[in-house]
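Chain order of the listed sequences is A and B. Residue numbers for the first sequence follow the working numbering, so the first one is 1 and each next one is one higher. Residue numbers for the second sequence follow the working numbering, so the first one is 1 and each next one is one higher.
Be a bit skeptical, because a hint or two may be false.
Since the list gives no way to pick out one identical chain from another, each pair is judged satisfied if it fits inside one copy or across any two copies.
[Claimed, not checked] Once the Cα atoms are required to be at most 25 Å apart in a straight line, the calculated DSS-like pairs of lysine-lysine come out as:
#1 Lys412 <-> Lys112
#2 Lys347 <-> Lys20
#3 Lys111 <-> Lys412
#4 Lys236 <-> Lys344
#5 Lys181 <-> Lys278
#6 Lys9 <-> Lys344
#7 Lys9 <-> Lys251
#8 Lys119 <-> Lys344
#9 Lys119 <-> Lys412
#10 Lys34 <-> Lys345
#11 Lys423 <-> Lys216
#12 Lys344 <-> Lys6
#13 Lys9 <-> Lys20
FYI, nobody ran anything at the bench for these hints, they're computed from the structure.
Protein chains: 2
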Amino acid sequence: MEENRKIIKGNIAFTPRFGKLEVRENSFIVIEGKQVKGIYCELPAEYKNISVTDYQDALIIPGLVDLHFHAPQFANRGLGFDLELLPWLEGYTFPEEAKFINAAYAQEVYKKVVTELWKWGTTRVVLFGTIHKEATAKLMELLAQAGLGGYVGKVNMDRNSPDILIETTEQSLTATEDYIKDTVDRYQLVKPILTPRFVPTCTPELMAGIAKLAKKYNLPVQSHLSENAGEIAWVKELHPECQNYASVYHKFGLFGQQPTIMAHCVYNDDTEIELMAKSKVYVAHCPYSNNNLASGIAPVRKYIDNGIIVGLGTDVAGGHEVSMAKVMAMAVQVSKLKWLATDKKEKFFTIPEVFYMATKGGGSFFGKVGSFEDGYEFDALVIDDSCLEVSAYNRYSIEERLSRFLYIGDYKNIVARYIAGAKIEQPQF
Amino acid sequence: MEENRKIIKGNIAFTPRFGKLEVRENSFIVIEGKQVKGIYCELPAEYKNISVTDYQDALIIPGLVDLHFHAPQFANRGLGFDLELLPWLEGYTFPEEAKFINAAYAQEVYKKVVTELWKWGTTRVVLFGTIHKEATAKLMELLAQAGLGGYVGKVNMDRNSPDILIETTEQSLTATEDYIKDTVDRYQLVKPILTPRFVPTCTPELMAGIAKLAKKYNLPVQSHLSENAGEIAWVKELHPECQNYASVYHKFGLFGQQPTIMAHCVYNDDTEIELMAKSKVYVAHCPYSNNNLASGIAPVRKYIDNGIIVGLGTDVAGGHEVSMAKVMAMAVQVSKLKWLATDKKEKFFTIPEVFYMATKGGGSFFGKVGSFEDGYEFDALVIDDSCLEVSAYNRYSIEERLSRFLYIGDYKNIVARYIAGAKIEQPQF
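Model the full assembly from the supplied sequences, consistent with the hints where possible.
Structure, rendered in structure tokens:
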């Protein structure tokens with residue numbers, strides 16, 4: 001039993017509830033196997049024989065969860081931001097994704113993606129791949145090899161897509177089922193996820209088929225919803241029979257019938273919000289991307305007030321930052337602009353609120369992940385923020401140190417990473 | 001003559017006009033003394049004897065100009081962003097600035113400020129100090145010692161300020177004149193600037209006295225204008241006799257009678273905009289700060305269209321980033337939200353537009369600075385962006401490489417810095 005236990009010590013901070021930062025200074029976390037077994041100021045007698053990894057004055061926080069990241073767009077970060085969503089897809093995204101038919105290129109890029117996720121402290125991630133099942137299976141393999149947790153989706157698209165990046169409905173469904181069979185039992189922390197790109201690129205037959213696969217293999221679903229006015233108008237044109245964008249997914253079994261993440265959700269109306277809440281659909285809020293593509297500011301406070309679970313996403317490469325810390329800071333920043341734009345009705349977010357979204361909020365998509373409560377899988381980052389100190393004359397609280405790390409720290413401050421109880425070293429690809 | 005000349009070679013990019021990126025691949029810049037003497041694809045015969053520093057495939061861009069930075073707030077970066085401007089000043093800013101009566105503390109912090117500016121490639125900067133003339137003179141000394149260019153202001157505040165941070169009108173003016181006399185001829189690239197904090201903390205007598213000093217010593221002026229609704233209402237209350245906020249400064253001789261920078265300008269009305277244009281007042285646009293303090297998005301496109309010169313500022317510590325590259329990216333991002341908020345009337349900014357603001361736009365406050373046209377002082381950064389490459393399979397244009405550096409690069413990409421013709425190494429404090 002004892003070899004299965006570990007104890008680490010430091011200044012522990014996590015959010016058991018939305019907006020509530022729990023701080024336990026100079027305390028011990030006991031981990032048994034994958035799970036947290038308790039936090040103590042003084043170690044109980046039964047644990048006295050177990051050696052303690054003492055991180056001294058460092059912060060220990062839950063690992064960060066990125067609910068939306070397009071792995072094949074990694075090389076496009078920082079490019080093409082003079083465009084909105086639809087022309088950006090045509091001009092930059094699709095040509096880059098088409099390259100992933102080339103397995104060597106895919107492997108080269110995906111190694112860098114996984115290394116970068118590791119570097120910035122993302123411990124669980126939900127990834128889009130491309131339509132190519134081999135490249136996407138390779139991405140899963142690399143993620144698992146690095147010890148990170150994640151869902152990885154082979155993308156489906158059988159209409160309104162360029163010739164270089166389109167499948168027939170049958171090809172798309174067959175390849176997806178092959179991909180699932182090949183990967184579903186292969187790794188412990190990395191699993192496939194159904195990934196219809198978005199309504200405009202998926203025929204009704206394809207959407208219905210994907211929903212069937214999700215049910216058959218009991219797998220989750222991810223897609224995009226209401227990112228941009230042009231996109232919404234296009235969906236309306238394609239599906240005049242549906243009341244709104246969300247109900248298209250719902251009609252075809254892709255809106256909470258299995259656990260579902262919808263990225264963006266910038267422009268959902270009240271009917272959709274009700275459906276999202278009822279269907280327990282997760283929102284992946286991606287503020288960097290929504291700025292870069294001139295999409296707008298999602299009404300996240302409204303979602304939260306309506307009981308919808310919101311996690312955060314980088315949306316690489318609509319977003320250019322891999323760092324979930326920076327995404328948290330940006331989520332606070334745009335919420336302040338939203339607060340002004342709503343005549344101060346939609347209250348802006350605090351650090352403990354966005355921290356919850358990036359840990360326990362998004363983490364709950366993976367089960368008991370994102371918190372240090374008993375029974376949670378132990379995903380953690382150890383933060384040495386001493387180089388952020390300007391003068392020994394200044395003293396900061398743990399809350400303030402967390403805020404400073406999120407706003408002005410970077411990967412160099414992350415000195416250890418744990419996922420599901422195991423310490424994870426830099427991937428050696 | 002020849003020892004006074006140097007030649008450097010690389011991929012040169014700069015903005016001779018707003019929005020126009022000029023690219024000269026694999027070219028030579030000839031520098032004579034402080035100044036650019038020409039850019040050539042092939043070196044003319046007369047320069048053949050001068051040795052060339054060949055930066056090979058690197059980018060060579062103008063040094064970056066930060067028009068607004070509160071040096072004493074450096075240790076406050078990333079703190080207190082649950083507050084708006086006025087309570088944030090009370091709760092965080094003023095207590096921190098009060099510490100600068102302590103010369104040792106000031107020196108410790110200011111060394112880090114100057115090092116950080118160097119690190120992120122800021123070659124010219126306009127700094128607020130505190131009310132303390134010794135600490136502020138020390139800041140100038142450190143900046144000059146590092147070889148950076150700048151204006152540094154001893155702050156004036158004689159009303160509505162906490163006891164720990166207030167002067168009498170007479171004290172304020174005497175100390176300011178002492179500070180000017182002490183520093184005005186001391187350094188070549190670093191000069192004093194008159195720095196009334198903002199209308200609420202300066203009596204009419206103080207403002208008038210500062211204007212007199214500016215005229216007497218022929219020095220520029222900096223202050224804050226229309227950052228936040230609460231602040232504007234307060235100014236209205238203090239000066240019911242004035243039509244608007246800008247006209248208060250104008251009435252007391254602090255609005256373009258000498259070269260003037262006004263930070264923020266989030267809420268100026270058309271009358272003020274006319275006055276700003278007529279008075280040739282510079283706007284220091286500080287998007288990070290305006291997000292963090294929930295101030296809003298400045299109508300920068302409108303300013304530009306009205307012929308107002310706009311530079312960019314970090315506004316540390318309202319802004320948490322020292323990097324002007326990140327400020328450029330953020331200026332683009334918030335301009336997209338402004339574009340949406342104005343029904344697509346105020347066009348969002350492109351990279352060449354914000355790049356101009358952060359180089360030649362802000363640089364013009366210093367004279368012929370911020371461009372590589374003949375006769376401009378040679379301020380430059382050499383950017384090795386090779387580590388940003390994901391795969392040799394991808395080829396980027398110089399424009400795209402610049403965009404990627406601004407969005408996803410950092411200080412590690414800056415491999416050499418030049419200011420006024422001299423290569424500047426890391427400060428050894």
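Comparing the hints with the structure gives:
no. : hint              : in the structure
1   : Lys412 <-> Lys112 : both (17 Å within a copy, 18 Å between copies)
2   : Lys347 <-> Lys20  : within (16 Å within a copy, 40 Å between copies)
3   : Lys111 <-> Lys412 : both (20 Å within a copy, 22 Å between copies)
4   : Lys236 <-> Lys344 : between (31 Å within a copy, 22 Å between copies)
5   : Lys181 <-> Lys278 : neither (31 Å within a copy, 71 Å between copies)
6   : Lys9 <-> Lys344   : neither (41 Å within a copy, 53 Å between copies)
7   : Lys9 <-> Lys251   : neither (50 Å within a copy, 61 Å between copies)
8   : Lys119 <-> Lys344 : neither (37 Å within a copy, 38 Å between copies)
9   : Lys119 <-> Lys412 : both (8 Å within a copy, 16 Å between copies)
10  : Lys34 <-> Lys345  : neither (42 Å within a copy, 54 Å between copies)
11  : Lys423 <-> Lys216 : neither (34 Å within a copy, 66 Å between copies)
12  : Lys344 <-> Lys6   : neither (47 Å within a copy, 57 Å between copies)
13  : Lys9 <-> Lys20    : within (21 Å within a copy, 55 Å between copies)
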